[in-house]
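Chains A and B, in that order, give the protein sequences.
Under our numbering, read the first sequence as residues 1 to 194, first letter to last.
Under our numbering, read the second sequence as residues 1 to 194, first letter to last.
If you are wondering where the hints come from, they were derived from the structure by calculation, not from laboratory data.
Worth double-checking, as some hints may not be accurate.
Remember, identical chains collapse to one label, so a pair may be satisfied in a single copy or spanning two.
[Said to hold, decoys possible] In silico EDC-like links for lysine to aspartate or glutamate, alpha-carbon gap of 20 angstroms or less: (1) K189 to E30; (2) K9 to D51; (3) K49 to E155; (4) K39 to D145; (5) K175 to E129; (6) K131 to D184; (7) K131 to D5; (8) K21 to E129; (9) K192 to E155; (10) K81 to E70; (11) K185 to E89; (12) K189 to E146; (13) K131 to E178; (14) K175 to E124; (15) K175 to E155.
Number of protein chains: 2
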Amino acid sequence: MAKRDTRLKIIEAGARIIHEKGFNNTGIQEILKAAEVPKGSFYFYFKSKDDFGLELVDYFQALMQSRMDEHFNSPATPGLKGLKSLFDEFLDFFRHTDGRLGCPVGNLTQEMGDINPQFRQRLEMALNEMKAGIQGCLETARSRDEMDASLDLSETADFIVNSWEGALVRMKAMKSVEPLIIFDKMIFKFLKGA
Amino acid sequence: MAKRDTRLKIIEAGARIIHEKGFNNTGIQEILKAAEVPKGSFYFYFKSKDDFGLELVDYFQALMQSRMDEHFNSPATPGLKGLKSLFDEFLDFFRHTDGRLGCPVGNLTQEMGDINPQFRQRLEMALNEMKAGIQGCLETARSRDEMDASLDLSETADFIVNSWEGALVRMKAMKSVEPLIIFDKMIFKFLKGA
C-alpha cells in the first residue's frame with residue numbers, strides 16, 4: 001500500500017473514532033488497530049498526536065467545504081434553498097446516528113480550545129471557513145431578494161454557524177434531532193424576517 | 001473541617017479545573033491538591049470519578065439557576081430586560097476570561113454525552129432547566145407585550161439556550177466575546193420581531 005493511502009487510512013479511522021470519543025479519550029493504538037495499520041507506524045506519518053489532530057481538523061474542514069460547495073453551487077438549490085438543503089442533509093445524517101456525534105470541529109473546540117493554542121487557531125479557521133461559505137450563500141439569497149433587508153450578512157452568517165454548533169450540543173444532550181428541527185424553523189423565519 | 005465543607009471544597013476545585021481542562025483531562029490528584037485535601041480522601045466523599053462528575057453537573061446547574069432567579073425575578077429587570085441583564089452578566093464574565101472556559105455544561109455534553117449515558121441524562125436535565133427558566137422569562141415578556149406574537153415560547157426558549165451554547169463554542173475558538181455580542185443583537189431582534 002502506498003504511503004499516502006496508509007496515511008489517509010489512519011486519518012479516516014482517527015476521524016471516526018475521535019468524532020465519537022473525543023481526542024484525549026482516544027489512544028493512538030486504537031486508531032492504528034481500526035485502520036489495520038501496524039503498531040508503531042504512527043510516527044512514520046505524524047510528528048505527534050497533536051500534529052495528527054491538526055490534520056484531522058483539515059480533514060473535517062475539507063468535508064464541510066465539499067458539502068457547502070455541492071449545495072450552494074447547485075442550480076437546483078439557489079440562495080436560501082441551498083442553505084436549507086445543506087442543513088436537511090445534516091439533519092438526515094444525525095437522524096441516522098440517533099443524535100450522537102455532533103460537529104467534530106465544535107467537539108474539538110470544546111475539548112482542546114483552551115488547552116492547545118495551535119488547535120484553537122486551526123479550529124477557529126475551520127469555523128471561519130464555514131461562516132464564509134454561508135455568507136456567500138446569503139449574498140446570493142439577498143441578490144434574489146429572499147432575505148430580510150435589515151440583516152447584516154456577515155453577522156447573520158456568524159449567528160447561523162454559532163447557533164448550528166449549539167443545536168448540535170443540545171442534540172447530543174437530548175439524543176434527539178429536535179434541536180436541529182427547531183434551529184431550521186427559527187433560522188429561516190429569522191432570515192426571511194417573517 | 002466538617003465533612004460537608006471538605007466535600008464542597010473538592011467540588012469547587014473540581015468545577016474550576018474541569019471547566020478549564022475538561023473531565024477526562026483532569027486527574028483526581030490534581031483536584032485534591034487544588035482543594036488542599038489529603039490524597040486518598042477522594043473516595044471517602046465520592047464513589048467514583050464519574051459519580052463526582054455527576055455532582056459537578058448539579059453544582060453548575062444550581063449556579064445557573066441562581067443567576068436566572070436573580071435576573072428574572074428582579075423588579076428592576078422585568079420581562080426581556082431580565083433576559084438581557086442575564087446575558088450581559090455572562091458577557092462581562094467572559095470578557096474577564098478572554099473568551100476562555102465557555103459553558104461547563106455544554107463542554108461536558110460535548111465531551112461525555114456520547115460515551116456516558118448517566119452523564120448525558122444529567123446534562124440534558126441541566127439544559128432543560130435552563131430552557132424552563134428562560135421560557136418563564138419569555139412568558140412574562142409576552143404578558144408585557146414585548147414579543148413577536150408569532151413565536152412559540154417553548155421552541156423559542158430552546159432556540160435561545162442552544163444558540164447561546166453555540167455562541168460559547170465559537171467564543172472558545174476565537175478567544176473573543178464577539179460571538180456573544182452577535183448572539184445578543186440577533187436574539188433580541190428576533191424576539192421583538194423587528
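**OP:** Give the relationship of K81 and E70 under a CA distance limit of 20 angstroms: within one copy only, between copies only, both, or neither.
**Re:** within (12 angstroms within a copy, 42 angstroms between copies)
**OP:** Up to 20 angstroms between alpha-carbons, please classify K131 paired with E178: within, between, both or neither.
**Re:** between (23 angstroms within a copy, 14 angstroms between copies)
Subject >> Homo-oligomer pair classification [E30, K189; C-alpha up to 20 angstroms] >> reply: For K189 and E30, the Cα distance exceeds 20 angstroms both inside one copy (45 angstroms) and across copies (48 angstroms).
Original post:
Which holds for K9 with D51 at a C-alpha limit of 20 angstroms: within a copy, between copies, both or neither?
Top reply: within (16 angstroms within a copy, 37 angstroms between copies)
Original post:
Are the CA atoms of K131 and D5 at most 20 angstroms apart within a copy, between copies, both, or neither?
Top reply: neither (31 angstroms within a copy, 47 angstroms between copies)
**OP:** Go through the copies and call it for K175 and E124: within, between, both or neither, with a Cα cutoff of 20 angstroms.
**Re:** Between. Shortest inter-copy distance 9 angstroms satisfies the 20 angstroms Cα cut-off; intra-copy 26 angstroms does not.
Subject >> Intra- versus inter-copy proximity for E155 and K175 (alpha-carbon distance at most 20 angstroms) >> reply: Close across copies (17 angstroms), not inside one copy (29 angstroms); limit 20 angstroms.
Original post:
Using 20 angstroms as the alpha-carbon threshold, which applies to K49 and E155: within, between, both, or neither?
Top reply: For K49 and E155, neither the intra-copy (35 angstroms) nor the inter-copy (41 angstroms) Cα distance is at most 20 angstroms.
Original post:
Is it within, between, both or neither when you check K131 against D184 at 20 angstroms Cα-Cα?
Top reply: Classified as both: same-chain Cα gap 17 angstroms, cross-chain 18 angstroms, threshold 20 angstroms.
Original post:
How would you classify K185 and E89 at a CA-CA limit of 20 angstroms: within, between, both, or neither?
Top reply: Cα proximity of K185 and E89: one copy only (15 angstroms, versus 29 angstroms across).
**OP:** Could you place K189 and E146 in one of the four classes (within, between, both, neither) given a Cα distance threshold of 20 angstroms?
**Re:** both (11 angstroms within a copy, 18 angstroms between copies)
Subject >> Status of D145 relative to K39 across identical chains (alpha carbons, at most 20 angstroms) >> reply: Answer is neither: 57 angstroms inside a copy and 65 angstroms across each miss the 20 angstroms cutoff.
This entry does not satisfy hints 1, 3, 4, 7 and 8, going by the numbered hints stated previously.
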